[in-house]
Every structure is written in structure tokens, then in C-alpha cells.
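Under mature numbering (1 follows the signal peptide of the UniProt record, and there is no 0), read the sequence shown as residues -25 to -1, 1 to 170, first letter to last.
Hints are supplied without guarantee of correctness; some may be wrong.
Okay, the calculated beta carbon distance ranges per label pair [to be verified]:
hint, residue 1, residue 2, range
1, Gly104, Gly141, 43 to 51 Å
2, Lys142, Ser3, 45 to 53 Å
3, Asp25, Arg145, 21 to 29 Å
4, Val74, Ala5, 23 to 31 Å
5, Gly102, Arg145, 18 to 26 Å
6, Thr140, His78, 16 to 24 Å
When the alpha-carbon atoms are kept at most 25 Å apart in a straight line, the in silico BS3-like pairs for lysine-lysine are as follows [to be verified]:
hint, residue 1, residue 2
7, Lys142, Lys12
8, Lys142, Lys39
9, Lys112, Lys166
10, Lys106, Lys166
11, Lys166, Lys109
12, Lys75, Lys12
13, Lys166, Lys12
14, Lys75, Lys142
15, Lys39, Lys112
16, Lys39, Lys106
17, Lys12, Lys109
18, Lys12, Lys39
Note that these hints are calculated values from the structure, not bench results.
Glycine residues also receive a C-beta, built at the ideal position from the N, C-alpha and C atoms.
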Amino acid sequence: MARQLFSLLAATILLFLSISPLTLAADSPAATAYIQKTCNDATYDTLCLDTLLPNAADINGNPKSATRVAIQATIAKVQSVSSSFVNLSEHPEEWTNEVKSLHRCGTTIAASVTHLLDAYELMTHLGGGGKAVKVLKRQSMANSVTSVLNALNTCVGHLETSSATGKEIRRAQEAMEPLAELATNAVDLIKHMPF
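Turn these sequences into a full structure, and let the hints steer you where they fit.
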């Protein structure tokens, strides 16, 4: 549990250091066009635009930078969603029989941040090696981000084996949907990075 909390803290610090919240400078048309082209490859293109456009100047036409921003956004959403599940588990008046499952959901989702940090770290080591090595590195990154989707599926499994009703499961799935979409987009961007 302490490692998960440390990972969440490290991810938060990393996120705040890496994403400039005040991207007030006017983005160039070329930077915006690059983001639009990149988001055409994403499953959730509108969400991709919402995620990347505020950082267009920082991305500056660089696929690694675009992917890095997508992973950072996923890290932030992991923290938000896992916290919301832990908070729900602390209010048993709403979810009486599902408290343990909700807490497990929160910790399972929070643990996936470690894999996201692995993917983020791997971004700095993509150069060098032949094409086969680069393919393996990208696949490793995609697998690390996919761990978020696996954590969400595990969460649904926990709720289904508890006495949660269909309505409660749908409510949890709706809370997890934005995270699933961000993770899916991050995987899409990883897979479309040029060699």
C-alpha cells in the first residue's frame, strides 16, 4: 500500500512538472494541424484533441511528446478514479455491500500507475537499436498502458462477484469510462509512433 501511495505521489509530481498548466501562447497552425492529424489515429478523437491541443506548443509536432502527454493525462485520471473509488468505499451508506469491492477497485486501479510510469520512463529510451528492438519497446509501452484497462476489468469483476446490482455496476463503469478512453488513446498513439 505504501508503494502504491508513493507511486501516486511520484506520478503527481511528474505530471505537474511535465505539463505546463498555462499554455497561453498562441499555438502555431502547424502544431494544431499536427495534433489534428495525430488524433485521427485515436479511437476517441475528440478526447484526443481535448487532451493534446492545450499542449500543442509543447508537443511541437513530436510524436514522442504527444504520446508522453497522453500517458500523463492517463496517470492523472488513474489518480482521480482510484481516489473516487476509495472515497466511495468510505461511505458505506451508499454502497453497503460493495465496500470491500470498491476499495479493491481503488487499489487495483491505483496500482496500474506503476505500469504507466514504466511506459513513461521507456519513452526516454526509445532511440537506438534496430527496428526489432524498437518494436519490442513500443509493445512493452503499449502493454504497460493496457494494464490500466486490465485493472478496470478486474474492478468490474470484483463488483460482479459482490452483491452489486446492475445499476451499481453501470455507475462504476461510467466512472471508469473516461479513464478507459484515455488509456485506449495512449495505446493508439504508442502504436502509431513512427520508427
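Structure-based check of all given hints:
1. Gly104 with Gly141: 43 to 51 Å: About 49 Å separates the Cβ atoms of Gly104 and Gly141, which means 43 to 51 Å holds.
2. Lys142 with Ser3: 45 to 53 Å: holds (48 Å)
3. Asp25 with Arg145: 21 to 29 Å: Once the Cβ atoms are compared, 24 Å apart, the range 21 to 29 Å for Arg145 and Asp25 holds.
4. Val74 with Ala5: 23 to 31 Å: With a Cβ separation near 52 Å, Val74 and Ala5 fall outside 23 to 31 Å, so the hint is violated.
5. Gly102 with Arg145: 18 to 26 Å: violated (44 Å)
6. Thr140 with His78: 16 to 24 Å: holds (18 Å)
7. Lys142 with Lys12: It is violated: about 38 Å lies between the C-alpha atoms, which goes past 25 Å.
8. Lys142 with Lys39: violated (40 Å)
9. Lys112 with Lys166: The hint holds at about 11 Å.
10. Lys106 with Lys166: holds (14 Å)
11. Lys166 with Lys109: Measuring from Cα to Cα gives roughly 11 Å; hence the hint holds.
12. Lys75 with Lys12: violated (44 Å)
13. Lys166 with Lys12: holds (15 Å)
14. Lys75 with Lys142: This hinted pair holds, its Cα atoms lying about 18 Å apart.
15. Lys39 with Lys112: It holds: about 13 Å lies between the C-alpha atoms, which stays within 25 Å.
16. Lys39 with Lys106: Since the Cα atoms of Lys39 and Lys106 sit roughly 16 Å apart, the hinted pair holds (cutoff 25 Å).
17. Lys12 with Lys109: Given pair Lys12, Lys109 holds - Cα atoms ~23 Å apart, limit 25 Å.
18. Lys12 with Lys39: holds (15 Å)
Taken one by one, the earlier hints fail for this structure at numbers 4, 5, 7, 8 and 12, listed in ascending order.
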